[in-house]
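**Q** Residues per chain are reported as follows:
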Amino acid sequence: MDMCFNRLLLKNFRIRVMYIVAILITIFFVYINSNAGAIGYLIDSNSKLIIFANLFMILLFNRMRIYLEISKYSIVRIGNEEFTKNILKSELFFYINFVIFIYIICALFLGIENYFVYLVQVIITISVLALTEILYIRAIYLKHSLMLTLIISYVLLIVHNYWIEPIIFKLLGF
Amino acid sequence: MEDLLVFKNISKSFNKINVLIDCSLRVKTGDLIHIKGTNGSGKSTLLKILSGLLESDNGLIEFHKDVNIGALIENPEFAEYSTIKENLVFLAKLKNNYNSTKIENLCNIFNLDFNDNKFIKNFSVGMKQKLGIIQAIMEDQNLIFLDEPTRGLDDSSINAFEDYINQLISNKKCAVIIASHDMIDGLKYSHYYTLKNGILNEVQD
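Protein chains in written order, with our numbering: chain A, 1 to 174; chain B, 1 to 205.
Bear in mind the hints are in silico, worked out from the structure with no lab data behind them.
Think of the CB as a built atom: it goes at the ideal place given N, C-alpha and C, for glycine as much as any other residue.
Check the hints yourself; a few may be wrong.
List of simulated lysine to any residue pairs, SDA-like, C-alpha gap at most 25 Å [said to hold, decoys possible]: (1) B:8 with A:81; (2) A:11 with B:97; (3) B:128 with B:157; (4) B:93 with A:84; (5) A:11 with B:124; (6) B:118 with A:7; (7) B:128 with B:96; (8) A:85 with B:96.
Estimated spans, in silico, between C-beta atoms of each pair [what the hints assert, rightly or not]: (9) A:162 with B:111: 58 to 64 Å; (10) B:122 with A:21: 21 to 27 Å; (11) B:66 with A:162: 52 to 58 Å; (12) A:123 with B:182: 56 to 62 Å; (13) A:96 with B:188: 51 to 57 Å; (14) A:123 with B:181: 53 to 59 Å; (15) B:66 with A:164: 48 to 54 Å; (16) B:17 with A:159: 40 to 46 Å; (17) B:151 with A:20: 37 to 43 Å; (18) B:54 with A:92: 25 to 31 Å.
Taking beta-carbon pairs under 10 Å as the criterion, some of the chain A residues facing chain B (in silico) [unchecked claim]: (19) 7; (20) 66; (21) 73; (22) 80.
Assemble the whole structure, with the sequences as input and the hints as a guide.
**A** Given below as C-alpha cells:
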C-alpha cells in the first residue's frame with residue numbers, strides 16, 4: 001500500500017517539480033563545493049544544513065498536504081491507525097530513496113573516498129529524516145502544534161549536523 | 001434483518017459545548033434512515049464518529065463483523081492533482097475492492113467520464129460531490145453514511161441519486177443513513193430522526 005500512496009504523490013505536479021528542484025539545487029551545491037574533497041564535507045556545515053532543512057520541509061509539507069486531501073476516505077476504509085502506519089511507510093520509502101539518490105549524485109561528482117563513511121552518513125541522515133517524519137505525522141494526526149513540530153525538526157537537524165554526525169564520525173575514527 | 005450498527009449514548013462536546021448528548025440508534029440491513037437537523041446541529045459530527053474520523057467522548061458503538069463502511073461527510077476531498085480514475089482506483093485498491101466495470105457504470109449514472117483527463121482541482125462543486133457519492137458506494141459497501149449528499153447537485157443528478165439509493169435499499173443488502181437539513185423527497189425512508197440541541201429523536205410517521 002505504501003507504493004500505492006507514493007504513486008499517487010508522484011503524480012502530483014508540484015511534488016515532481018520540487019523533487020527535480022531539490023536534486024538540481026543539490027547538484028549545484030555539490031558542484032560549487034567540489035573542491036571540499038571528502039563526501040562528508042562536500043558542502044560546508046551551514047549551507048548543507050540550510051539546504052537539507054528547507055528542501056526537506058518544503059517537500060514534507062507538500063506531501064503532507066496531499067495526505068490530508070486523501071485522508072478522509074482512506075481512514076473510513078482502513079482506519080486511522082492503519083492509515084498513519086501506511087503514511088509512515090510511504091514517507092520512509094520516499095526519503096530513503098531521496099537521500100540515497102542525492103548521495104549517489106554526490107558520489108558521481110566527487111568520487112567516494114571512503115565507502116564506510118559514505119554508508120554511515122546515509123544511515124544517519126535517513127534516521128534523522130525518519131525521526132522528523134514521525135514528529136510531523138504525530139503533529140498532524142494527533143493534533144499537536146505544527147509550529148512546535150517545525151521548531152523541533154529544525155533543532156533536530158541542527159543537532160544532527162553539528163553534534164550527532166561529527167560525534168559518530170569521531171567515534172568511528174574518521 | 002441483521003443489525004449492522006448499534007450505538008448507544010454517544011456524546012461529544014467541543015470546548016465544553018455539547019454537540020451530541022446520549023444519542024442512540026439501531027441500524028438494520030435494508031434501513032434507509034434520514035437524520036434531519038439544522039446547520040451546526042451535529043449531524044456531521046455524528047457521522048464522523050460512526051465513520052471513525054472522530055472519537056466520541058463516551059458511548060458504545062458496535063458494528064456487524066462484516067460491515068463495510070462507505071461515507072461522504074462534509075466537503076468531498078480528493079487528491080487535487082489527480083484525475084477521477086486515479087482517485088477512485090487509489091481508494092478502491094486500499095481494500096483490494098477494485099472493480100472497474102462497477103465504477104465506470106456509477107460514473108455513467110452520475111454523468112461523469114471515468115477516463116476524463118482533467119484534474120479534480122478543475123472540477124465544480126457538484127462534480128466533486130458526485131465523485132464523493134460514487135466513492136461511498138462503489139465497493140458494494142453495506143453501511144453508507146451520506147452527509148448532505150445532494151449539495152451542489154443539479155436536478156438530473158438528484159434524480160439519479162434518488163433512483164440509485166432506492167434501488168440499493170430495495171435489494172435489502174445494505175443500510176443507508178442520510179443526514180441533511182432538508183428532506184430529499186424522492187427517497188423512500190424507513191425511519192426518520194431529528195437532531196436538535198444534541199439530542200437524536202425518532203419521528204413517527
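**Q** Each hint should be assessed against the structure and marked as holding or not.
**A** A quick look at each hint next to the structure:
| no. | hint | result |
| --- | --- | --- |
| 1 | B:8 with A:81 | holds, 24 Å |
| 2 | A:11 with B:97 | holds, 22 Å |
| 3 | B:128 with B:157 | holds, 12 Å |
| 4 | B:93 with A:84 | holds, 17 Å |
| 5 | A:11 with B:124 | holds, 21 Å |
| 6 | B:118 with A:7 | holds, 18 Å |
| 7 | B:128 with B:96 | holds, 23 Å |
| 8 | A:85 with B:96 | holds, 18 Å |
| 9 | A:162 with B:111: 58 to 64 Å | holds, 59 Å |
| 10 | B:122 with A:21: 21 to 27 Å | holds, 24 Å |
| 11 | B:66 with A:162: 52 to 58 Å | holds, 56 Å |
| 12 | A:123 with B:182: 56 to 62 Å | holds, 59 Å |
| 13 | A:96 with B:188: 51 to 57 Å | holds, 54 Å |
| 14 | A:123 with B:181: 53 to 59 Å | holds, 56 Å |
| 15 | B:66 with A:164: 48 to 54 Å | holds, 50 Å |
| 16 | B:17 with A:159: 40 to 46 Å | holds, 42 Å |
| 17 | B:151 with A:20: 37 to 43 Å | holds, 39 Å |
| 18 | B:54 with A:92: 25 to 31 Å | holds, 27 Å |
| 19 | 7 | holds, 8 Å |
| 20 | 66 | holds, 6 Å |
| 21 | 73 | holds, 5 Å |
| 22 | 80 | holds, 6 Å |
Going down the numbered hints, you'll see the structure goes against none, and every one checks out.
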